[in-house]
Structures are given as C-alpha cells and as structure tokens.
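Peer 1: Let the hints inform the model, and build the full structure from the sequences given.
Heads up: the sequence shown begins at 1 in full-length UniProt numbering, then just goes up one per residue.
Bear in mind the hints are in silico, worked out from the structure with no lab data behind them.
Take the hints with a grain of salt, since some may be wrong.
Listed below are the simulated DSS-like cross-link pairs for lysine-lysine, each with C-alpha atoms no more than 27 Å apart in a straight line [what the hints assert, rightly or not]: (1) K553 to K564; (2) K554 to K486; (3) K37 to K196; (4) K564 to K291; (5) K196 to K291; (6) K356 to K291; (7) K291 to K553; (8) K356 to K288; (9) K356 to K554; (10) K564 to K554; (11) K486 to K553; (12) K185 to K37; (13) K451 to K425; (14) K581 to K554; (15) K486 to K356; (16) K291 to K554; (17) K356 to K37; (18) K196 to K185; (19) K196 to K425.
Label-pair distances were calculated between CB atoms; the ranges are [stated by the list, open to error]: (20) N503 to K451: 49 to 59 Å; (21) A113 to F29: 42 to 52 Å; (22) Q695 to F23: 36 to 46 Å; (23) Q231 to S46: 40 to 50 Å; (24) A113 to S574: 42 to 52 Å; (25) N503 to Y236: 49 to 59 Å.
Since this is a predicted model, take the numbers as computed values, not measurements.
Beta carbons are placed, not taken as given, at the ideal position from N, Cα and C, and that holds for glycine.
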Amino acid sequence: MESVKYYTEKKAVCKPFPFTLGFCRATEFSYAEVLGKNGSAVFRTSEFDDHLNPRPMMAFSPPADLHGTLIYAHYGRVQDLDFLNASRVRLDRSVALIRFGGPHPSKVAEIAAMYGIGAILFYPDPQDYGPQLPLNSVRFSSLLTLGEIHEYQKHKSKFIIPAHTISPGDAQELLRYIRQGNWMKRAPPNWQGGLKTPYFLGPTTTVQTSSKFGQTTSAVQVRLRIFNEPQIREIYNVVAAIPGAWESDRYIVVGCSHDAWNSGAGDPGIGIALISEMARSFSNAVQKGWKPRRSILFISFDANLFASSGVSHWLQEHHFEISSRTIAYIDLSRVLRGNETLHVHSSPILNSVARKAIARVVTHADSSSVSQPNPSEEEKEVEGGWRNGSAAIYFSSLVTSDEPSFAFLNLGIPFFRISVSNSPKGYDYPLFHTSFDTAENFANSVDPELKGAKTLGKIILETIVLLADSIVLPINVEDYVMEIQKAFGNFIQQYQQELHRGNLSIAYLQAAVMRLEVIGDNFQTEMHNRTVINPEYDTLPAPSPSPKTIKSKKALLHRIINDKLMEIDRAFLSRSSDVYKHLVLGFTSNMDEIRINGTADNMSTSLDHFFPKLRESLECGRRVHELAEEQEPGIKEIKTISLSRSGSKINSFAKHRSRRIRSREKKFRTRDLDGIGTFALDTSICHDWHIVASQRIASLTRALDAASAILQSPLLPEESE
Numbered sequence: 001m002e003s004v005k006y007y008t009e010k011k012a013v014c015k016p017f018p019f020t021l022g023f024c025r026a027t028e029f030s031y032a033e034v035l036g037k038n039g040s041a042v043f044r045t046s047e048f049d050d051h052l053n054p055r056p057m058m059a060f061s062p063p064a065d066l067h068g069t070l071i072y073a074h075y076g077r078v079q080d081l082d083f084l085n086a087s088r089v090r091l092d093r094s095v096a097l098i099r100f101g102g103p104h105p106s107k108v109a110e111i112a113a114m115y116g117i118g119a120i121l122f123y124p125d126p127q128d129y130g131p132q133l134p135l136n137s138v139r140f141s142s143l144l145t146l147g148e149i150h151e152y153q154k155h156k157s158k159f160i161i162p163a164h165t166i167s168p169g170d171a172q173e174l175l176r177y178i179r180q181g182n183w184m185k186r187a188p189p190n191w192q193g194g195l196k197t198p199y200f201l202g203p204t205t206t207v208q209t210s211s212k213f214g215q216t217t218s219a220v221q222v223r224l225r226i227f228n229e230p231q232i233r234e235i236y237n238v239v240a241a242i243p244g245a246w247e248s249d250r251y252i253v254v255g256c257s258h259d260a261w262n263s264g265a266g267d268p269g270i271g272i273a274l275i276s277e278m279a280r281s282f283s284n285a286v287q288k289g290w291k292p293r294r295s296i297l298f299i300s301f302d303a304n305l306f307a308s309s310g311v312s313h314w315l316q317e318h319h320f321e322i323s324s325r326t327i328a329y330i331d332l333s334r335v336l337r338g339n340e341t342l343h344v345h346s347s348p349i350l351n352s353v354a355r356k357a358i359a360r361v362v363t364h365a366d367s368s369s370v371s372q373p374n375p376s377e378e379e380k381e382v383e384g385g386w387r388n389g390s391a392a393i394y395f396s397s398l399v400t401s402d403e404p405s406f407a408f409l410n411l412g413i414p415f416f417r418i419s420v421s422n423s424p425k426g427y428d429y430p431l432f433h434t435s436f437d438t439a440e441n442f443a444n445s446v447d448p449e450l451k452g453a454k455t456l457g458k459i460i461l462e463t464i465v466l467l468a469d470s471i472v473l474p475i476n477v478e479d480y481v482m483e484i485q486k487a488f489g490n491f492i493q494q495y496q497q498e499l500h501r502g503n504l505s506i507a508y509l510q511a512a513v514m515r516l517e518v519i520g521d522n523f524q525t526e527m528h529n530r531t532v533i534n535p536e537y538d539t540l541p542a543p544s545p546s547p548k549t550i551k552s553k554k555a556l557l558h559r560i561i562n563d564k565l566m567e568i569d570r571a572f573l574s575r576s577s578d579v580y581k582h583l584v585l586g587f588t589s590n591m592d593e594i595r596i597n598g599t600a601d602n603m604s605t606s607l608d609h610f611f612p613k614l615r616e617s618l619e620c621g622r623r624v625h626e627l628a629e630e631q632e633p634g635i636k637e638i639k640t641i642s643l644s645r646s647g648s649k650i651n652s653f654a655k656h657r658s659r660r661i662r663s664r665e666k667k668f669r670t671r672d673l674d675g676i677g678t679f680a681l682d683t684s685i686c687h688d689w690h691i692v693a694s695q696r697i698a699s700l701t702r703a704l705d706a707a708s709a710i711l712q713s714p715l716l717p718e719e720s721e
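Peer 2: What follows is the structure, given as structure tokens:
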C-alpha cells in the first residue's frame, strides 16, 4: 500500500483501478409499459430524456422482464406499505410507483422486498422538488449505498427487486391509468402530489376476491424490462497534497467527486470548481513562502454515484494511515442548492471551527476568485446576511449513507460540509442528477454571478487553514458534549414506552453521559489554562522546523492535546462488522435518509439521529408492539417510566405488565398478517429486540466512557513544560 508520503513527492497522482459497476447494456433501453386487454402495449415510458438524450437508468438494479399490477406506494417507507396493507391493496408481485425523497432507493427496495412487491418505478414529484422541475426530467440514482457494493461484486446482493427511474410526466400517465381501473381506492390527502391528476392506490384484495356484487377489478398491468448488467470499468481517484512543515503525519482531507450522471453543473461541477480554485490558491501561497503546519490532501473521487465506490476503495487502500492520522474530512458535495440559508453539516466537535471560519470570511462584490490564505485580514460580515449566531445559519450533524462523509465517519474521522439552500422558504435547485443540470440552468436558478460559490469557497478555505495551521486545534469539546446531552434528553422523551416495555435500564448510560459532561468541561478548562499561546493561527509565528523546537515540552503538550481531540470520534465506533459503525452519529439501516431537494430540509431533526443503532432496536420494539396491539386491541399503553439522576424507576406492577405484553408481542414477530404481507423488519434485530437493545445500551455506555477516559488521561505535569 502506498503511503500518503507518496502523494507529497509528486504534483498529483491519478491511479486507475478496475471496479465492477452496474450499467445498462449499451445496445438496450430499459422501460416500463402499460398493457392493454389483449396484452399489447398502450403506453411506454420514455427511453430517452428529451433534453440531452441519455438513457434513464437505476444503477445496480438487477435485469428483469416481468409483469405486475401497478400500484402507488408514496415514498415506499414501512409506514406507507403498512397503510397499503391496512387498506387491503394487493402488494404481492406488484409494480410500485414510488416517489424519490424518502429513504434511499436501496432501503426502499429492501422494504419492498419484505412486503412481496415485485418491482419499483421511482420518479421525482413536483411537490417535493418544486414546480420548476421539468415533467420530462429523469432523476438518475443507484440501488446500492456505501458498504453494499462489495456484496454486489460477489453477486450476493440482497436486493432482488428490479427498479427503474422515470420522469414525472411518465408517472403522471401511469397514475391516470391506475385511476381508470374499476374499484380503485383514492390515496389519502397527504399522499397526493404535485402532478395534474388524482393519486389512486391501486386494486384492493377485498374487491378482487369478493363475488357478492358479481364484479371484478380491472387492474392496470405493467411490463417492466431492465437490461442492466455488471460491467468492469476503470475508475480514477486524483490525489494531490501539500506536506506539513511541522506535523506532516497529520492530515486535513478535502474531497469532492468528479463523476456525474449527465452534465453535472450543480453536482459535482461546483465542487470540482471549488477544489481546483482552492488548490490553486494554496499553491500560490506556498510559492510565496507559506507552509501549513499539517499536511493538506486534495482528492477528487470517482464513481461516487455508484455507492461511493471511489471513496470506499481509497479508504480501504489507506485504511490504517487515514483512520489514525486524519483530523477532519471536508466534503464539497452539493454545496449550492439555493441562496437563502447557510447550513453547516458537521460532526459537533467541528462546530466551533465552522463558527470561527464564518466569522473570518471577507467577501468583496468585485472579487474574481477565492483569495489565498491571509491570516491578517480583519473580520467582516459574510455576504448575504450570514453572520455568526444569526438565525440564518443552521448547524446539523446529519449525514446520509451515500455521501463520502459517511465513509470517513465510519473510520471515526469528523466530517465538515457546508451548503446553501432555499429552505425553509422555498424549493431547492431541483435538477441535480438529471440531464437538465447544465451550467446555464444552474446559473439562472441558483447563482448567476457565482457569488455564493465564492463565499462558500472562502468559508471552506478558512476552515482548512484553521485546522491545518493552528498549533492547538480550535476544537471545543463542550460543543459535542452539549449535543450529546440534548440528544439524550430527546431520546428519553421519544422512547420512554419502549424502554419500559423492554424493562431496559438506562441508569449506567445516563451516568456515562453525566461523566462525559463533567470530564469534558474539566478538559476544556485545563486545555485553556495550559495552552499559553492563542490557538488560532492569526497569532502564530511562521513555523520553523527546528529540531529543538519540535522536541520542546510545550510542543509535546500541544501534540497530546490534539491527539486527544482526534480520538474522541474514534472512541464512538462499534467494533462490529456492521456498515453503520458510529454509535453516536449517522444512520441505521431502518432510518429515513435526508431529503436532498425541496422544502423538507428539517432544521430540527439532527437530534433524532443520535444513537442510531440503539434507536434502531427500540424502533423494532415499537413496531412489534403496534403489530401486537393491532392483532389484540385489548392491549393498552402501559405507564411511562420516570427518570431521575440515578436512572429509571419502574414499579413492580409495571414490570409484570411489561412481561405479559412482551409475551403477546413475541407471537407476532414473524407472523404473517392474514396473507397480506410479512411484517417488514430486520428479523435479526427485531427477534428479542429488548435483548439487542440492552446490548446496545451497554455498547453505547462503554463508548461514552471510552471518550471520557481519553479526555481524563493525564497531560504532561506542569513542572515539566
């Protein structure tokens, strides 16, 4: 394996490597068609997008030639398919029309398979993406996410459901055909969308099997043909580096992708432009004598749209070095979606860095490029009204499983991504991953003079300089601890009943959160008192690689402090082989993804995704109980637990009641609902969910205590400095 030092000896490295990707065959075109009474096609979805003529494709979908009844399934979530089951809509071997904007397509396919659905047609709805979305636009996507690509390469993919992507115009025609069928049930008001036709669910099993009125259902039959196949392609990651003057073995990684489904002006075009301009700016600064304290790596990843294959390969190749030496990953994906609101998506430990960077940015109306690093510029307001502490800046710790940031977070590396959107006032730029994502459309819709891109570039540049040049990393542990505290309180409120039903004690977990609060506060105070220099780069002298300076006690103290700050996120990693390794941040296999477009950028959902693995098991408990109560309505809600600083208090009656309900729930964990679909949960997690939850409470407690131990371990004695 090449070391990162290899990159510092050359201007840039572009190394090809073969990878198995899922493409449509070059001579074929995937499509869906509505069949008439005689079996002939009466409507066929577009084989081309009318704008630039690419072929619609859902990457990694298995090939297919099948028939099925057409139904409408909203976002394809568990609650959506449960509603269809309750409405007696026939799911078995159906072809489901599903909107983009909910869970990732890979999760939708997994859920659909559990309910017996035969295939999926994805489409973007104008209600989610805005009225500016062209009706003939096709949104390209992938049926796999990070961590699943290796199973695909082994030809053991669990996704047995074929899927295809179609335009809103084609979806509108299919919805009209559903409406024409006899005895079709109308979708509820919150399922109606932005297309100019009423939304109907599809045929019901009750009507189809009933002969009381002597009528049968005229269901819409669809034929789906998909010509995907595994193809070995060469993909390229481009890597360049600026070596650090003092700590060359500590890295700030700046990354974006360079592959696009079509034109890709908004994504990845803006990211490529920013990373190129920043590399040029840093290069000019180096030529003038500036050197960063730590090494800076600039990486352009390939095959990001194919389950982040380029990122995954590079991190596997450099796993041990990157996981132990990287301070932060700065992601330039999807940075511009609008021009109203500034979003900071980052690990909580980097929130203070983001605030400092935003406060330092200077934007001139006539500036023509991102300025080179200049530590002496005075602080001014950021263009557009974004200022530190204003209501126009939103901080979030959310990260989706198809982002490069997720791959770095799985190694315990903090991530940072900044973006601008139109939320909550309006719709974001709707043309990402379509052939309409051209430079002209992007400029007219989002950033005509690229002022927003320049501003974001300067914020990102300042963030890089802060992390690369500060003697002591400008990281505030209290930010992370405060977020964990708030998330824990939110967690207790959401899952009181599940903790009660499972007779789960959170006393040790609560104590671990409190210990981390005290120890984190003590560490921050000691770090401030023991660091005699201002840790920010604007007060530092130019670095000197003098061996005498490097060996000084003060330099060793700074190194110890920085190492502790780097190790906090690594302490929160699970030791299991699960794809979702971070126990505090991230997503689990059964949680909805973040919507990229539209007005659904919820500003307050970050806390709902802390402790994801524990939440996953408790969600199983909630769903199992709902199923049990659906079968036996006599089961009532039990008393909620009351919490104190010493833990949970559950009286003996509640314990007895909890055991009795769990015994009833167990009967329904793997039971079929009268032939209308199997309960769609991961049986490996939901079988004895309370035992799994208890184990995950213990794992999370150990992770929090590990972080406390890192912060509590002694620094250098003061007399030795």
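Peer 1: Run every hint past the structure and note whether it holds.
Peer 2: Against the structure, the hints come out as follows:
Restraint check: the Cα-Cα separation between K553 and K564 comes to about 17 Å, which is no more than 27 Å; the hinted pair holds. A distance of roughly 35 Å separates the Cα atoms of K554 and K486; the hinted pair therefore is violated under the 27 Å criterion. With a C-alpha separation of about 26 Å, the suggested pairing of K37 with K196 holds against the 27 Å cut-off. Restraint check for K564 and K291: satisfied, since their Cα atoms lie roughly 24 Å apart, inside the 27 Å limit.
Our distance criterion of 27 Å between C-alpha atoms is broken by K196 and K291, whose separation comes to about 59 Å. Restraint check for K356 and K291: satisfied, since their Cα atoms lie roughly 21 Å apart, inside the 27 Å limit. Restraint check for K291 and K553: the C-alpha separation of about 23 Å stays at or below 27 Å, so the hint holds. Restraint check: the Cα-Cα separation between K356 and K288 comes to about 25 Å, which is no more than 27 Å; the hinted pair holds.
Taking the CA atoms of K356 and K554, the gap is near 25 Å; set against the 27 Å cutoff, the hint holds. With a C-alpha separation of about 16 Å, the suggested pair K564 and K554 falls inside the 27 Å cut-off, and the hint holds. Simply put, K486 and K553 have alpha-carbon atoms about 38 Å apart, too far for the 27 Å limit, and the pair is violated. Straight-line distance between C-alpha atoms of K185 and K37 comes to about 21 Å, which keeps the hinted pair within the 27 Å bound.
Our distance criterion of 27 Å between C-alpha atoms is met by K451 and K425, whose separation comes to about 20 Å. Restraint check for K581 and K554: the C-alpha separation of about 35 Å exceeds 27 Å, so the hint is violated. Among the hinted pairs, K486 with K356 is consistent with the structure: their alpha-carbon atoms are about 23 Å apart, no more than 27 Å. Distance restraint check for K291 and K554: the Cα-Cα separation of roughly 21 Å lies within the 27 Å cut-off, and the hinted pair is therefore satisfied.
Using a Cα cut-off of 27 Å, the hinted pair K356 and K37 is violated, with the two alpha carbons roughly 67 Å apart. As the CA atoms of K196 and K185 are separated by approximately 18 Å, the hinted pair is consistent with the 27 Å bound. For the hint linking K196 to K425, the alpha-carbon distance of about 23 Å falls within 27 Å, and the restraint holds. A C-beta distance of roughly 58 Å is found between N503 and K451, which places it inside the suggested range of 49 to 59 Å.
A beta carbon spacing of about 25 Å between A113 and F29 contradicts the range 42 to 52 Å that was offered as a hint. Checked against the hint of 36 to 46 Å, the pair Q695 and F23 passes, with Cβ atoms roughly 41 Å apart. Roughly 23 Å separates the CB atoms of Q231 and S46, a value that falls outside the hinted 40 to 50 Å. Between A113 and S574 the beta carbons are some 26 Å apart, a value that contradicts the proposed interval 42 to 52 Å.
The hint said 49 to 59 Å for the Cβ distance between N503 and Y236, and at roughly 54 Å that hint holds.
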